[in-house]
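*Asks:* Protein sequence lines, in the order shown, are assigned to chains A and B. Just so you know, we're using this note's numbering here: the first sequence kicks off at 1 and counts up by one. Just so you know, we're using this note's numbering here: the second sequence kicks off at 319 and counts up by one.
Hints may be right or wrong, so weigh each one.
Unchecked claim - Going by beta-carbon spacing under 7 Å, a handful of chain B positions derived as facing chain A: (1) Leu355; (2) Asp417; (3) Leu420; (4) Phe550; (5) Phe591.
What the hints assert, rightly or not - Pair ranges (Cβ atoms, derived): (6) A:Trp135 - B:Gln580: 19 to 25 Å; (7) A:Thr149 - B:Tyr411: 49 to 55 Å; (8) A:Glu156 - B:Lys412: 50 to 56 Å; (9) B:Phe470 - A:Asp142: 35 to 41 Å; (10) B:Asp451 - A:Asn193: 57 to 63 Å; (11) B:Arg409 - A:Ile285: 17 to 23 Å; (12) B:Gly478 - A:Arg277: 49 to 55 Å; (13) A:Ile280 - B:Tyr411: 31 to 37 Å; (14) A:Ala189 - B:Val592: 31 to 37 Å; (15) A:Ile202 - B:Val592: 31 to 37 Å; (16) B:Ala452 - A:Pro194: 28 to 34 Å.
If you're looking for bench data, these hints aren't it; they were derived computationally from the structure. Idealized CB from N, CA, C, for every residue including glycine.
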Amino acid sequence: MKQIIARLESLGFAWWGILILLLALLPLYMSETYVSLFSEILIMALFAMSLNILIGYLGMISFGHAGYFGLGAYSTAILMTKTSISWILAMASAPVVAALGGVVFGFFCVRLTRIYFAMLTFALAQIIYTIAFQWESLTGGDNGIVGVTFPDFLYETNNAYYFILIIVSVCAFFLFLIVNSPFGSTLRAIRENPERAEFVGIKIKAFQLIGFIVAAVFAGIAGALFTFYNGSIFPDYLLWTRSTEALIMCILGGMFFFSGPAVGALVVQWLGTVLSRHTIYWPFILGLTLLLLVLFLRGGIVGFLTEGYSKIKARYHL
Amino acid sequence: MIVSSIIMPILTGLTTAMLIFLVASGLTLIFGSLKILNFAHGVFYMLGAYFSFQVVSTFAASPAGFWIGLIVAPLGVAIVGGLIEFFIIRRAYKREHIDQLLLTYSLVLIIGDVTRFLWGVEYKSMSRPEGLDATISVFGAPLASYYLLILFLAPTIALGLHLMLKKTKIGWMIRAATFNYEMASALGINVPRLFLVIFMVGSWLGGLGGALYAPLGSIVYFMHTQVLLESFLVMVIGGVGSFWGAFVGAILFGLLNSFGFQYFPQFSMFFAFVLMAVILVIRPWGLLGQPEG
Numbered sequence: 001m002k003q004i005i006a007r008l009e010s011l012g013f014a015w016w017g018i019l020i021l022l023l024a025l026l027p028l029y030m031s032e033t034y035v036s037l038f039s040e041i042l043i044m045a046l047f048a049m050s051l052n053i054l055i056g057y058l059g060m061i062s063f064g065h066a067g068y069f070g071l072g073a074y075s076t077a078i079l080m081t082k083t084s085i086s087w088i089l090a091m092a093s094a095p096v097v098a099a100l101g102g103v104v105f106g107f108f109c110v111r112l113t114r115i116y117f118a119m120l121t122f123a124l125a126q127i128i129y130t131i132a133f134q135w136e137s138l139t140g141g142d143n144g145i146v147g148v149t150f151p152d153f154l155y156e157t158n159n160a161y162y163f164i165l166i167i168v169s170v171c172a173f174f175l176f177l178i179v180n181s182p183f184g185s186t187l188r189a190i191r192e193n194p195e196r197a198e199f200v201g202i203k204i205k206a207f208q209l210i211g212f213i214v215a216a217v218f219a220g221i222a223g224a225l226f227t228f229y230n231g232s233i234f235p236d237y238l239l240w241t242r243s244t245e246a247l248i249m250c251i252l253g254g255m256f257f258f259s260g261p262a263v264g265a266l267v268v269q270w271l272g273t274v275l276s277r278h279t280i281y282w283p284f285i286l287g288l289t290l291l292l293l294v295l296f297l298r299g300g301i302v303g304f305l306t307e308g309y310s311k312i313k314a315r316y317h318l
Numbered sequence: 319m320i321v322s323s324i325i326m327p328i329l330t331g332l333t334t335a336m337l338i339f340l341v342a343s344g345l346t347l348i349f350g351s352l353k354i355l356n357f358a359h360g361v362f363y364m365l366g367a368y369f370s371f372q373v374v375s376t377f378a379a380s381p382a383g384f385w386i387g388l389i390v391a392p393l394g395v396a397i398v399g400g401l402i403e404f405f406i407i408r409r410a411y412k413r414e415h416i417d418q419l420l421l422t423y424s425l426v427l428i429i430g431d432v433t434r435f436l437w438g439v440e441y442k443s444m445s446r447p448e449g450l451d452a453t454i455s456v457f458g459a460p461l462a463s464y465y466l467l468i469l470f471l472a473p474t475i476a477l478g479l480h481l482m483l484k485k486t487k488i489g490w491m492i493r494a495a496t497f498n499y500e501m502a503s504a505l506g507i508n509v510p511r512l513f514l515v516i517f518m519v520g521s522w523l524g525g526l527g528g529a530l531y532a533p534l535g536s537i538v539y540f541m542h543t544q545v546l547l548e549s550f551l552v553m554v555i556g557g558v559g560s561f562w563g564a565f566v567g568a569i570l571f572g573l574l575n576s577f578g579f580q581y582f583p584q585f586s587m588f589f590a591f592v593l594m595a596v597i598l599v600i601r602p603w604g605l606l607g608q609p610e611g
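Bound-form chain A, shown alone (with noise of 0.2 Å):
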């Protein structure tokens, strides 16, 4: 236990602490509207990071990763009207679909690499936006799902803020520790070297299977926590500007980085929430936005300022 505890500290899990305490007190300084926006960006935030697990990670870049949050978001709304099953066990099929999901559709994904890799993720996930899409009578079609209702004391926006940061907060724990454990290790070690992690006896593609599944997984319960959070869900939440918008936040925020994907999702849905007031072409500044931070910014805002912290230290004796 002491070591577990000695760990954490050194992974400077005090800063977790205080982060988490400080989205904690936010209902207490925030109006509504700003609580439901922190409500969606935790969300994001949850699956901009497990999108990490897949391209910061292991290196595999998706452009697919809104089919599993849609498996989620849709296994639960789908239970939660069309059965009378509780919404809590509806929730919690959202990770159990998006991981059947990422077992069916990874088992050919790993088959391929880098860009075929790419290529089919975005194609897998369009089969699911399909389906979603002309599957009328269990997805509603175009029309999406509406109306999912979830017990009364959830509706009240704090609530729903703190139920969302609990789990949010739960999963990003789980995350932490996958990453930083030995299979997180291994994971980096495919991603940098491929061959050689293969020629030290690491079965590479079982790896990279195994790693698509809890990407898969995570973005489930993201999707999940959507639906709640929405009270409906429709095919465009599946589509692949979808996909790439939790890719952005990612490269944003910065991929090395486990905190970056968490940056991406706030700075990019603070600023889409904001600028979506006063103009329809946000896609356009978020294209402009990536092509900009590929060819100046690689690191992302995390990267930068990790960057220029140690600039600073370095300049200083500190």
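Take the given structure of chain A and dock chain B to it, following the hints.
*Replies:* Showing chain B alone in chain A's frame:
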């Protein structure tokens, strides 16, 4: 009976196939030579359709409008492609794949939104050119004569270009530059200019596909996703980077699609996906592709 259940789906399937083959051949050309998977290729297709629409509405009075559009629109797309290569893609040749994918994707967002800004969100449509707006009978099946244009023009152009790039000196230069960038430069080949030309030709093919498609369906600012998806399917089935693979993949895709639509209209897309899944299991590098590494 046999006409409507077999000949018709074959004809429409082949038409779809040839159109998508034309588009995918551009994607394959760029990928095969520059090793860049261009996510913006669907956007080029869309621009081809919009440019063609614009030309036709400008020359509304003249029946030649369509033909002018068919020539001008792809050229316009090639110029856009050239500018993109020169200012953006060029910086990414020596970067990681992830950067290349992200750069071309950022162009999807940017150009997609510029298109929405310029032409709005309404669906646009244009009529088929005079002389090709009739229905003719092929083996007893009624076929819009415009389909014949696509059936013959698309493969002829793609094939002609392929042969030109394979058999001529330019073809050797491209292969040399793809194989070893530095060595090709050292031998006096102007590689940056060569790559610029290839990218423009690839964009031109995408634009031509869009211009040919324009009279067939509606033109809208998000049409690029579907065509990109279809091109990817065709490429994965046939073998990524293989020209003949794209040809075979496109035909399989087109036929599966049209027969699927005939018998299971709700699930027409799934047959191509199933074929792709099967191929990925038994031959992950595609029918005519080569294993990686």
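*Asks:* The structure should be examined with respect to each hint, and the outcome stated for every one.
*Replies:* Each hint tested on the structure:
Because the beta carbon of B:Leu355 sits about 5 Å from the nearest beta carbon in chain A, less than 7 Å, this interface hint is met. Annotation: interface hint on B:Asp417 holds; nearest CB of chain A at approximately 5 Å, less than 7 Å. Interface restraint check: B:Leu420 against chain A, minimum CB-CB distance 5 Å, threshold 7 Å, status holds. At about 5 Å, the closest approach between the beta carbon of B:Phe550 and any beta carbon in chain A falls short of 7 Å, and the interface hint on this residue holds.
Nearest Cβ of chain A to the Cβ of B:Phe591: about 6 Å, under the 7 Å cut. The hint holds. In this structure the supplied range 19 to 25 Å holds for A:Trp135 paired with B:Gln580, their Cβ-Cβ distance being about 20 Å. One distance hint, 49 to 55 Å for the beta-carbon pair A:Thr149 and B:Tyr411, holds here, with the actual separation near 54 Å. A beta carbon spacing of about 54 Å between A:Glu156 and B:Lys412 agrees with the range 50 to 56 Å that was offered as a hint.
Range check, B:Phe470 to A:Asp142: about 37 Å between beta-carbon atoms, so the 35 to 41 Å window is met. One distance hint, 57 to 63 Å for the beta-carbon pair B:Asp451 and A:Asn193, holds here, with the actual separation near 60 Å. A hinted range of 17 to 23 Å holds for the C-beta pair B:Arg409 and A:Ile285, which are about 21 Å apart. Between B:Gly478 and A:Arg277 the C-beta distance comes to about 52 Å, which sits within the given range of 49 to 55 Å.
Separation of A:Ile280 from B:Tyr411 is about 34 Å and conforms to the stated range, judged on CB atoms against 31 to 37 Å. Roughly 35 Å separates the CB atoms of A:Ala189 and B:Val592, a value that falls within the hinted 31 to 37 Å. Here the CB-CB span from A:Ile202 to B:Val592 is close to 32 Å, well matched to the stated 31 to 37 Å. The hinted window of 28 to 34 Å between B:Ala452 and A:Pro194 is violated, with their beta carbons roughly 57 Å apart.
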